[in-house]
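If you use mature numbering (1 follows the signal peptide of the UniProt record, and there is no 0), the sequence shown corresponds to residues -26 to -1, 1 to 405, in order.
None of these hints come from the bench; they were simulated from the model.
Watch out, some of these pointers could steer you wrong.
[Said to hold, decoys possible] Distance ranges between label pairs, derived from CB positions:
| # | residue 1 | residue 2 | range |
| --- | --- | --- | --- |
| 1 | Trp123 | Phe354 | 32 to 40 Å |
| 2 | Leu105 | Glu228 | 23 to 31 Å |
| 3 | Val355 | Glu228 | 34 to 42 Å |
| 4 | Ile75 | Lys230 | 18 to 26 Å |
| 5 | Lys344 | Asp233 | 21 to 29 Å |
| 6 | Trp30 | Asn237 | 32 to 40 Å |
| 7 | Asn282 | Asn241 | 22 to 30 Å |
| 8 | Ser283 | Asp193 | 35 to 43 Å |
| 9 | Lys186 | Gln236 | 49 to 57 Å |
We put the beta carbon where it would ideally sit given N, CA and C, even for glycine.
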Amino acid sequence: MGSGKCMTLLTLLAVLGMVMVDKVGSQNYGDALSKCILFFEGQRSGKLPSNQRMIWRKDSALRDGSDLGMDLLGGYYDAGDNVKFNFPMAFSTTMLAWSVIEFGQFMGPDLQHALDSIRWGADYLLKSTDLPGKVTAAVGNPIADHNCWERPEDMDTPRTSYVVNQTHPGSEVSAETAAALAASSLVFKSAHHRYSILLVNRAKEVFEFADKFRGNYKDSVGQGVCPFYCDWGSYSYMDELIWGAAWLFKVTKEQKYWDYVQNNIPNLPRRVIRLVNGDLQAAKTFAEFGWDTKDAGINVLLSGLVMNSTSAEPYVPQADRFVCSVLPESPYKSVTYSPGGLLFKPGGSNMQHATALSFLLLVYAQYLKKHDGSVNCGTFVAAPSRLEQIAKGQFHPSFILVMDRSPKFGSISSDNCPMKTHIRYGSGGFP
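Construct the complete structure from the given sequences, taking the supplied hints into account.
This is the structure we're talking about:
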């Protein structure tokens, strides 16, 4: 179903924010940045605002949540489909917020559009957590949706709402929602202080719910999210809980969240279960980052707060270990590179890995620069510039694939763009 496609575009946006947004050679990265943000406007569900730039998109799914007496209008459709999966959507919101926190100053006129995208996601997540003791996991029957190709404006498939609660918990979707709300609160702290307070207070409530009523949401929601966005493996929600606490600590600096991270880091599994070509396979967690695995992200995020301090263990060493698992010249490399230089891992939707890991490399490079640091990979020492070089090296091969381009098209943005993409709202215009 295009798992990770939305995340791919998101992290490309984040990475692009770090580098120049002008035309470089034949590649117009500034135009690509704009289109990555515009993608989010195309994915909008609900009552669209008057400043909607994709004018052929109209209001859709205006009764979402009515089956449970809730208002679940808004949010984003997933990939090319009409389902709203809250787990990856919340991660998208977290990452978009993180990209603005770190690289917003480089986004130029597109910064406001990025902020609008964060708020669209955050507003929906507020609605999804409006009832105490409940967190929305998804809206729309995914099986029916995948069996019926129609534009959002025309869809007549069931808009079933799936929620987790105290008796049917879902710690991963709940904790990721808390992380998204917390990260978003930091983005809006200066310009929209009251809204920021609302976000962080809700994040605290949702995190407490996620931690108190622990359980895997695939066991509670079943086919409402599986097999599309299952979080595989027993106790696989622990990384989301720590991720949520890490963001709450970054935002609030409250000691209890730091203590939570410190006390629970030893409980993280050393291997993560991933679905690869229909088979469940184990991978080392320190080198994983994505909507369902937060380990490398936790270590990079916290390294920015504790580098060169007495609290650096285990976060900085583990972040260094992640870097050494990605650099192609490292004796500890755990990824593969294509002849064209694209980083890839086994399984589908590889762009989510290439772009997410590139984002972490760029963020960690900034943290290293701030503290005059480097990464020792045994046989060599990597300067921050090397991390940036590898991350930037992913841009062109990633765009060729993410933008559904083959090399014959030549550039990432031109008049020779693909005309038939896997996206429902692109299936014809209104009369």
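We went through each hint and held it up to the structure:
no., hint, result
1, Trp123 - Phe354: 32 to 40 Å, "51 Å, violated"
2, Leu105 - Glu228: 23 to 31 Å, "25 Å, holds"
3, Val355 - Glu228: 34 to 42 Å, "36 Å, holds"
4, Ile75 - Lys230: 18 to 26 Å, "22 Å, holds"
5, Lys344 - Asp233: 21 to 29 Å, "25 Å, holds"
6, Trp30 - Asn237: 32 to 40 Å, "51 Å, violated"
7, Asn282 - Asn241: 22 to 30 Å, "26 Å, holds"
8, Ser283 - Asp193: 35 to 43 Å, "39 Å, holds"
9, Lys186 - Gln236: 49 to 57 Å, "19 Å, violated"
The structure fails to meet hints 1, 6, 9 from the earlier list, while all remaining hints are met.
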